[in-house]
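Novice: If you want the building blocks of each chain, they are given just below.
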Amino acid sequence: MLLCVINLMGSLLKMEKKVQFQRNLLYLSHLRIRKKGEVLNQVLVHIVLVGLIFAIFVFATAGRINGRDVKQQVLEKELALLIDSAEGGMEFGIQKAMINGKINNVEIKEGRVYVTVEGLAATKGYPYFSKYSVSVREEGNKFVVSVR
Amino acid sequence: MISKRGAMGEGVFMIYRLLLVSVIAFAIFGISSIFYAYEIEVRDSEAVILTRQVSECLSPDGVFNLDLISEDSQKSILSYCGLSNERFYVGVEVLNEAGDVIAEFSQGDSGSGWVRKLTQGAGQYDPGYRIFEYPVLIGQGISEIEGKIKMEVIVSHEF
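From first to last, the protein sequence lines stand for chains Y and A.
Heads up: the first sequence begins at 1 in this note's numbering, then just goes up one per residue.
Heads up: the second sequence begins at 149 in this note's numbering, then just goes up one per residue.
Same shape as in the complex, but just chain A (with noise of 0.2 Å):
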């Protein structure tokens, strides 16, 4: 048994020592959830399936006919397909079988894929980025030519 005066000093202790791990855990825990970011990250989705109606607009059934785009469109691909969004920027390159590039369109801010190239290096998890290479029939005139489409794609965030 212990005596009178040093059970209430025990006591005394005690909540001193249960005030200490609630302050604890209420800077754990208080701090955790009013930082807690509880953003879910769609960008690659989003990324996948614009590239996805990208390619269906350009070369549907796999054929890629160079004459139905005009000069205007090549700097507007998205609005050429009834996609446009400030978010995305779309780059498109069409190359022969040798690798050449024989024609280019984008639309959107390349200046994200600028500041993409800057923290490339960082280490970071790149959401929203993709570049995707298919084959396809280009055709010019009367002629059909082998060849490939390289797209890029950027999806901003969303603020």
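Just chain Y, same shape as in the assembly (with noise of 0.2 Å):
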């Protein structure tokens, strides 16, 4: 009894495989009769989408590069510069609205240079070496930074 379950068993799974075999032989034979403009079709869209998720990709990472930390970064350290290089009695201004953004506020303490851009407050700073007396004051859409 037990023998012939197990014979039974045994051919019923020769019969899946073989369906099994032919199932996949029908679908070989479907994706070789179809037409080369579906092919070129799905690559095309497949082309779209993977070249959307690289631009979405490409512009965070843009976002990130282009921050509002790195602009500060910028500005700190020019403004630094030009005030290490400046002879006494020099003044140059800073526009408030500028290609580098908006900026909020200028100050100078402590031999550091503290620029906010965008609503982002300055934490570091950027030293400066000038062996003249630096002051800053904000005077209608610029901040003007003297070295006397």
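Calculated directly from the structure, the hints in this document are not laboratory data.
There's no promise every hint is true.
Unchecked claim - Short derived list, chain Y residues pointing at chain A, Cβ under 10 Å: (1) PHE54; (2) ILE56; (3) GLY63; (4) GLY67; (5) ASP69; (6) VAL74; (7) ASP84; (8) GLY89; (9) ASN104; (10) ILE108; (11) GLY119; (12) ALA121; (13) LYS124; (14) TYR126; (15) TYR128; (16) PHE129.
Even for Gly, the Cβ is constructed at its ideal location relative to N, Cα and C.
Hey, can you piece these two chains together into the complex? The hints should help.
Specialist: This is the structure in structure tokens:
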């Protein structure tokens, strides 16, 4: 009895495998007879989707690189270098609205330059080494740095 | 035309491929944006400015008067010029016509120069380091001789 059941199960499994094989063959034959245009369309859709995914990530990375913190660092270092190379009696103005974003505040304290860009408050600042006294004042739509 | 089952299978396969592409893109751009160091290097410019300031301080109009610099100032040449900063090292050698050193001044962390010499052969970019030589008239007492000033400037990293 047991032997009979085992034989039956074995033949059922063989049949199942055969059916599966035939299904696979059928699927492959369907693929083979697909028109070239269909394949081309699918490849195009793929390329567009992959391009979109990469574009999203590229823009996200570009946003990070052009972030407020980078602009702030550029402005602080440029200002510090300007102060370093300035002679006594020089003054220079920094427009509040500029290509590097809107400057909210420029501060000079304890030998460091602090710039607040688009609401991002400066934390570290950048040191300058001028032997002159440096001060900053707000004047209309610009900040004026005086080296005396 | 493909069967419904085949179309569904391909759709699932496409989702899988797009997911894979998204994961790869995220890995490339995500990780690179996390580790992207946006440190802008200005130490070279600082070294140039510092060299100019010190040379103007020591030899205005191209005349260097040795008598003006006291012995205390010889080890604090930056303070003498009013430019003291813990990130800087300045070493000045005053040479006569024959090339002999007749006076030496310095200030700052000379250890940074030692570290620089250690890593010199590594082929690394070496920002903030400058050697500058220029001719001067050296005045000592009532005599004036021709010579030159050799200046070594190191600007350390701002942490």
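Novice: All hints, please: hold or fail.
Specialist: The hints, checked one at a time:
At its closest, the beta carbon of PHE54(Y) sits 5 Å from a beta carbon of chain A; the interface hint therefore holds under the 10 Å criterion. With a least beta-carbon distance of about 8 Å to chain A, the hint placing ILE56(Y) at the interface is held under the 10 Å criterion. At its closest, the beta carbon of GLY63(Y) sits 9 Å from a beta carbon of chain A; the interface hint therefore holds under the 10 Å criterion. Taking 10 Å as the C-beta cut-off, the interface hint given for GLY67(Y) holds, the closest approach to chain A being about 8 Å.
Because the closest C-beta pair between ASP69(Y) and chain A is about 7 Å apart, less than 10 Å, the hint holds. Because the closest C-beta pair between VAL74(Y) and chain A is about 6 Å apart, less than 10 Å, the hint holds. For ASP84(Y), the interface hint holds, the least distance from its beta-carbon to any beta-carbon of chain A being 5 Å, beneath 10 Å. Hint status for GLY89(Y): violated, given a least beta-carbon distance of 15 Å to chain A, over 10 Å.
The beta carbon of ASN104(Y) is not positioned within 10 Å of any beta carbon in chain A (closest approach about 20 Å), and the interface hint is therefore violated. With its C-beta approaching chain A no nearer than about 15 Å, ILE108(Y) sits outside the 10 Å limit, and its interface hint is violated. Proximity of GLY119(Y) to chain A is violated relative to the hint, the smallest CB-CB distance being about 18 Å (cut-off 10 Å). The interface hint given for ALA121(Y) is broken, as the beta carbon of that residue sits about 17 Å from the closest beta carbon of chain A, more than 10 Å.
Annotation: interface hint on LYS124(Y) holds; nearest CB of chain A at approximately 9 Å, less than 10 Å. The criterion of a C-beta within 10 Å of any C-beta in chain A is met by TYR126(Y), whose closest approach is roughly 7 Å, and the hint holds. Hint on TYR128(Y) holds. Least Cβ distance to chain A is approximately 9 Å, under the 10 Å limit. Hint on PHE129(Y) holds. Least Cβ distance to chain A is approximately 5 Å, under the 10 Å limit.
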